[in-house]
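J.: Order-wise, the sequence lines are chains A, B and C.
Under our numbering, the residues of the first sequence are numbered 31 to 482, in order.
Under our numbering, the residues of the second sequence are numbered -7 to 312, in order.
Under our numbering, the residues of the third sequence are numbered 752 to 1090, in order.
Honestly, the hints are just simulated from the structure, not real lab data.
Because the structure is a prediction, the values reported are computed rather than measured.
From the three backbone atoms N, C-alpha and C, an ideal C-beta is built for every residue, glycine too.
Certain hints may be false.
Here are the simulated DSS-like pairs of lysine-lysine, each with C-alpha atoms no more than 25 Å apart in a straight line [what the hints assert, rightly or not]:
#: 1; chain 1: A; residue 1: Lys233; chain 2: A; residue 2: Lys165
#: 2; chain 1: A; residue 1: Lys156; chain 2: A; residue 2: Lys195
#: 3; chain 1: B; residue 1: Lys238; chain 2: C; residue 2: Lys1038
#: 4; chain 1: C; residue 1: Lys1034; chain 2: B; residue 2: Lys195
#: 5; chain 1: A; residue 1: Lys35; chain 2: B; residue 2: Lys13
#: 6; chain 1: C; residue 1: Lys917; chain 2: B; residue 2: Lys13
#: 7; chain 1: C; residue 1: Lys917; chain 2: B; residue 2: Lys192
#: 8; chain 1: B; residue 1: Lys195; chain 2: C; residue 2: Lys1038
#: 9; chain 1: A; residue 1: Lys35; chain 2: C; residue 2: Lys917
#: 10; chain 1: B; residue 1: Lys192; chain 2: C; residue 2: Lys1038
#: 11; chain 1: B; residue 1: Lys238; chain 2: B; residue 2: Lys258
#: 12; chain 1: C; residue 1: Lys901; chain 2: C; residue 2: Lys917
Rough simulated footprint, nothing fancy, chain C against chain B, three-plus residues with beta-carbon under 8 Å [stated by the list, open to error]:
#: 13; segment: -2 to 10
#: 14; segment: 85 to 95
#: 15; segment: 110 to 119
#: 16; segment: 185 to 197
#: 17; segment: 255 to 262
#: 18; segment: 294 to 306
Calculated Cβ distances over 10 Å to all of chain B for the following chain C residues [claimed, not checked]:
#: 19; residue: Pro766
#: 20; residue: Phe780
#: 21; residue: Asn800
#: 22; residue: Glu814
#: 23; residue: Ser815
#: 24; residue: Met823
#: 25; residue: Asp843
#: 26; residue: Asp891
#: 27; residue: His971
#: 28; residue: Leu1021
#: 29; residue: Leu1022
#: 30; residue: Glu1031
#: 31; residue: Arg1037
#: 32; residue: Pro1051
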Amino acid sequence: MQTVKDALREIRRYPSAIAGLFIIFLLVIVSIYAMITIPYREAITLWRGGEGVWRHLPRTVPPAWINHFRSQKLPETIVLDSRKGAAERQESPLGDGKTITLFYTFDYQADDFPREINIFFETSFKERSPFASIKWYTPDGREISITDIGLRTGSSSFRFNQDDKLIRRIRRQIGDVPVEVGLFVAPNPGENPRPLKGTYQVKIQVTAFDPETHLDAELVVYGKVYGAAGTDHLRRDLRIALLWGAPVALAFGLLAAAGTTITTMIIAAIGVWFSGLVDSLIQRITEVVMMLPLLPILIMVGTFYSRSIWVILGVTILLNIFGSGIKTYRAVFMQVRESPYVEAAQAYGAGDWRIIFRYLVPRIVPMLIPNLVTMIPTYVFLEASLAVLGLGDPVLPTWGKVIQDAVAHGAPYKALYYWVLEPAMLLMVTGLGFAMLGFSLDRIFNPRLREM
Amino acid sequence: MREGEPVLRAEDLVLYFVTTKGVVQAVDKVSLSIPHNQAIVVLGESGCGKSSLARAILRLLPRNVYRYSGKVYLDGRDVMELDEESFAREVRWVSISLVPQAAMNALNPVLKVGDQVAEPAILHLGVSKEEAWGMARKMFSYVGVPEGFLQRYPFELSGGMRQRVAIAMALITMPSLIILDEPTSALDVLTQASIMNTLKQIKQEMPISYMLITHDIATSSDLVEHVAVMYAGQIVEVSAADLFFKQPLHPYSRKLLAAVPRLYEKRALEFIPGRPPSLLNPPTGCRFADRCPSRFERCEQEPPTLSVDGHLVKCWLYAS
Amino acid sequence: MNDYCPVPEIVPGVPEDLLLSVQNVRVWFELRRFGLGVAGYVRAVDGVNFDLRRGEAIAIVGESGCGKSSLMRTILGLHRPREGRILFDGRDISHFSRKELCWYRTRVGYIQQDPYGALPPFMSTQALLEEPLIVARMQDRHQRVERIHKALEEVKMTPVEDFLSKFPHQLSGGQQQRVVIARAILMDPQLLVADEPVSMLDASVRVEILTLLRELQERHRLSVMYITHDLSTVRYFSERIFVMYAGKVVEKGPVDDLIYNPQHPYTWALLAAIPEPDAENAKRFRKVPPGEPPSLIRPPSACRFHPRCERMMAGLCDIQEPPEFEVDPHHQVACWLYQ
Chain A
31 MQTVKDALRE
41 IRRYPSAIAG
51 LFIIFLLVIV
61 SIYAMITIPY
71 REAITLWRGG
81 EGVWRHLPRT
91 VPPAWINHFR
101 SQKLPETIVL
111 DSRKGAAERQ
121 ESPLGDGKTI
131 TLFYTFDYQA
141 DDFPREINIF
151 FETSFKERSP
161 FASIKWYTPD
171 GREISITDIG
181 LRTGSSSFRF
191 NQDDKLIRRI
201 RRQIGDVPVE
211 VGLFVAPNPG
221 ENPRPLKGTY
231 QVKIQVTAFD
241 PETHLDAELV
251 VYGKVYGAAG
261 TDHLRRDLRI
271 ALLWGAPVAL
281 AFGLLAAAGT
291 TITTMIIAAI
301 GVWFSGLVDS
311 LIQRITEVVM
321 MLPLLPILIM
331 VGTFYSRSIW
341 VILGVTILLN
351 IFGSGIKTYR
361 AVFMQVRESP
371 YVEAAQAYGA
381 GDWRIIFRYL
391 VPRIVPMLIP
401 NLVTMIPTYV
411 FLEASLAVLG
421 LGDPVLPTWG
431 KVIQDAVAHG
441 APYKALYYWV
451 LEPAMLLMVT
461 GLGFAMLGFS
471 LDRIFNPRLR
481 EM
Chain B
-7 MREGEPVLRA
3 EDLVLYFVTT
13 KGVVQAVDKV
23 SLSIPHNQAI
33 VVLGESGCGK
43 SSLARAILRL
53 LPRNVYRYSG
63 KVYLDGRDVM
73 ELDEESFARE
83 VRWVSISLVP
93 QAAMNALNPV
103 LKVGDQVAEP
113 AILHLGVSKE
123 EAWGMARKMF
133 SYVGVPEGFL
143 QRYPFELSGG
153 MRQRVAIAMA
163 LITMPSLIIL
173 DEPTSALDVL
183 TQASIMNTLK
193 QIKQEMPISY
203 MLITHDIATS
213 SDLVEHVAVM
223 YAGQIVEVSA
233 ADLFFKQPLH
243 PYSRKLLAAV
253 PRLYEKRALE
263 FIPGRPPSLL
273 NPPTGCRFAD
283 RCPSRFERCE
293 QEPPTLSVDG
303 HLVKCWLYAS
Chain C
752 MNDYCPVPEI
762 VPGVPEDLLL
772 SVQNVRVWFE
782 LRRFGLGVAG
792 YVRAVDGVNF
802 DLRRGEAIAI
812 VGESGCGKSS
822 LMRTILGLHR
832 PREGRILFDG
842 RDISHFSRKE
852 LCWYRTRVGY
862 IQQDPYGALP
872 PFMSTQALLE
882 EPLIVARMQD
892 RHQRVERIHK
902 ALEEVKMTPV
912 EDFLSKFPHQ
922 LSGGQQQRVV
932 IARAILMDPQ
942 LLVADEPVSM
952 LDASVRVEIL
962 TLLRELQERH
972 RLSVMYITHD
982 LSTVRYFSER
992 IFVMYAGKVV
1002 EKGPVDDLIY
1012 NPQHPYTWAL
1022 LAAIPEPDAE
1032 NAKRFRKVPP
1042 GEPPSLIRPP
1052 SACRFHPRCE
1062 RMMAGLCDIQ
1072 EPPEFEVDPH
1082 HQVACWLYQ
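Start from the sequences, fold in the hints, and give me the full structure.
T.: Pasting the structure below:
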């Protein structure tokens, strides 16, 4: 259409519009990327977490790139999986069974101690459970005995910081420090212990009573940073939520804004054209609905009925259709209705619907488009607000949900700023992009607002 | 007729605007003069720059002015030299006022008509509200609106009445010159005649001059003693009315006159083919050349303004 | 021209060459109080009679508020008369339903006063000219394009291709009005209703458009209803004039007759108010009837012009409404002076 081409040409003259478009373009790219690399089903499953999905990730740690800004580097997670050949394996028969020895070696150069250390076992055997003896070897040649335990069949885990004996042993041998610190430091550390840098080794010696025993173990030394976005309290990689939040925000914002604005416009046009009873009815309904408070109603719907994002979207659109937009569009339509070309159309026999959609509505499109674009951030923030209030969609990973989790787990008080700032920044940038574009569009489509 | 210093004399007045498409040469070296207590009409079609001329004289300039120069002598005094504040204080609406185009639709709908007429007196003459209302009452009698209408709102008045109110607003400060931009074009023929009568009456009773701006030749003859024809930002002919309406000189003036439908003569109407040039990039040479039936080679150069038999004409046909 | 619409029945007894017959038409608008209940009526047209033959051009002259616009809208089928009937080509269209009017709409072309407002600003010339054809169910695109080409050629907008893609704001006033005229003649109408078609155009362009309309009328033997307040253009365009005042026709007759021999005092006033370019005008005052046209809600009793009339005869003009008197053949006046 002619106006679209003209508009695009005009946009080039407004730096804020270009900036806005650029931001929106980035968001769209991110959304597409999110939807391609992590398909929807996978995203939902990942987000739900559950048994073992995130077990390699440390809990609530900031993103890895903050190490660039730190003089003292925080450790990253080290994962050594015997299934992937990260351990030296030795098997030798012993009596009726055998011994399996797994040797793990890793180099530790960080300036800070790991968050936790776990070993995950995958065992299968027939009769008697195998017996594992775990030993720790520091770079300065000390050996620390970790534990001696029996292994159950299937998956099991040994968590270093949950074993009382180990905790007490460390306290005796090293000092009054947690396990993760004690294993990485020389005895009697002072006030500010620093980890010993160098090569560490872990030996898991398993005595199996069953020659068919099968054993795999995974050593995870959890770091204090992770990935591009950090993790949350359920060890989930925040990248999932931040990436997927983009398409959800865009879709919700766009659908809500478009659905509301277009429907409002059509209803206003119908009311103005048919006037009389139809118009009065629409106006009265509008006046009543305008008085209804949106957020409390959404809260009630979310609490008592359903938190599904489609339901919330539907109710939002429904309540906003009969909003103040109707009054504004009605005023404009009443003017347009008096245009001579509308009278001419009646004279050559155009029907009511043709007049409404072909002659009235196009006049309002220049007003509609900036309105629509400027309203998108409002709906994005609405969805986020609902999530923060705990009424977000239960399965979708959205920015609002991340903020809600963060606040619920005291992120601001625990200096876990990244948890709140990352989604907040994304929300703000989204809002900024659409606002800049919307206001520039306003100036483009309404020449009277231009400065000459 | 009084001779002597004219109430207004414009010399080489220039007003160009800058737009996204380029420079619009709306008023291009316009010179004209208006004697005391007489009226001149600036005749021209839409797009010739006549409304811009009014703004140039009153210094009602928008922000995208590109060039504004020339001299405007008000009673012998060059008012172009005045700074903005002095101009606003001494000239605008005090010596020269304006009845803008579609003034009757530009009245403030939420103010009483009396208030709107009194406002210029309060603002420019510094009189009190009671005094101003007294003056407004007098103005209403001049323009032929019953006194009771002072208390009414614009929507309660007919189009003709509203136009009279607009004239009263321009008159209340007793200026020497009133510029009227298309004062009667939206009105019925009887109302038109009546308002012209009113303007004539005011001119007889007060030492006031008019500059009428319109494209309606016939109506303008009701009021004016002098005619100036404007085409594409330039004045192409100036002469006394009785000379002009009988025998205009410039080919454009001739065509304009020939295009007026006559009630009592049945003759074929001529029209001018083509369109006036855009003021964005006016052609070099005579701007009317490509529509002129009498065009010849000399017209490729811009013609000078020549004085011929009491007319001022900008046309090579009259160069000796 | 269109086969889509049902063809209404012919009313018997109508002469063949009569295209339009307006009989005792009254058009009243209701004044509503708070949306319910009728507070009164605006009697826009209060008893108008005239006939229009095929191929004839008539002018309806009057000032704003005289009812000519309401009369015009009623003839166009946009409003129903309260009383009276309108016969077009032998059919009574005054009480047609929407569906029945369909047949009528392709036979009447409407040319409006504001050339820019009459065109949808967001449609190209081609698009807006296709609209009436689409509405008339002309399905074949080629046929539509052909018609549009023909119409634009008739209004002398050539080369046609140059103008098809232009939008209204890219055309001059005169060109816009030509497009309006093209739209009006698209369906080969029998009647053109032109409402002040040139009053918003520049002087030199007016002549062009009036000449064009005259040519179209002669070439296609169209009947034209030319509505204006500018009597001076009427001679170039019409054969008969009807002068309207306050909802009634006060004088009607052939153009020359009426202009050289006006009878009604209002017609005198109209003619006296028309200026010709003559420098002597500046030295004289024109004679203008005092006062203003009356409100159509409570029109004056009896003769509607009597409060402003210089020849008012007390006891007659203010008591009884004058009937029409025939002054010359085909020249009628509704004035007691000619009793």
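J.: Now look at each hint and say whether the structure bears it out.
T.: Consistency of the hints with the structure:
no. : hint                   : in the structure
1   : Lys233(A) x Lys165(A)  : 5 Å, holds
2   : Lys156(A) x Lys195(A)  : 29 Å, violated
3   : Lys238(B) x Lys1038(C) : 24 Å, holds
4   : Lys1034(C) x Lys195(B) : 11 Å, holds
5   : Lys35(A) x Lys13(B)    : 18 Å, holds
6   : Lys917(C) x Lys13(B)   : 19 Å, holds
7   : Lys917(C) x Lys192(B)  : 45 Å, violated
8   : Lys195(B) x Lys1038(C) : 18 Å, holds
9   : Lys35(A) x Lys917(C)   : 14 Å, holds
10  : Lys192(B) x Lys1038(C) : 13 Å, holds
11  : Lys238(B) x Lys258(B)  : 18 Å, holds
12  : Lys901(C) x Lys917(C)  : 17 Å, holds
13  : -2 to 10               : violated (count 0)
14  : 85 to 95               : violated (count 0)
15  : 110 to 119             : violated (count 0)
16  : 185 to 197             : holds (count 6)
17  : 255 to 262             : holds (count 5)
18  : 294 to 306             : violated (count 0)
19  : Pro766                 : 30 Å, holds
20  : Phe780                 : 18 Å, holds
21  : Asn800                 : 24 Å, holds
22  : Glu814                 : 4 Å, violated
23  : Ser815                 : 6 Å, violated
24  : Met823                 : 16 Å, holds
25  : Asp843                 : 33 Å, holds
26  : Asp891                 : 36 Å, holds
27  : His971                 : 21 Å, holds
28  : Leu1021                : 6 Å, violated
29  : Leu1022                : 7 Å, violated
30  : Glu1031                : 8 Å, violated
31  : Arg1037                : 5 Å, violated
32  : Pro1051                : 17 Å, holds
In this structure, the hints that do not hold are numbers 2, 7, 13, 14, 15, 18, 22, 23, 28, 29, 30 and 31, in rising order.
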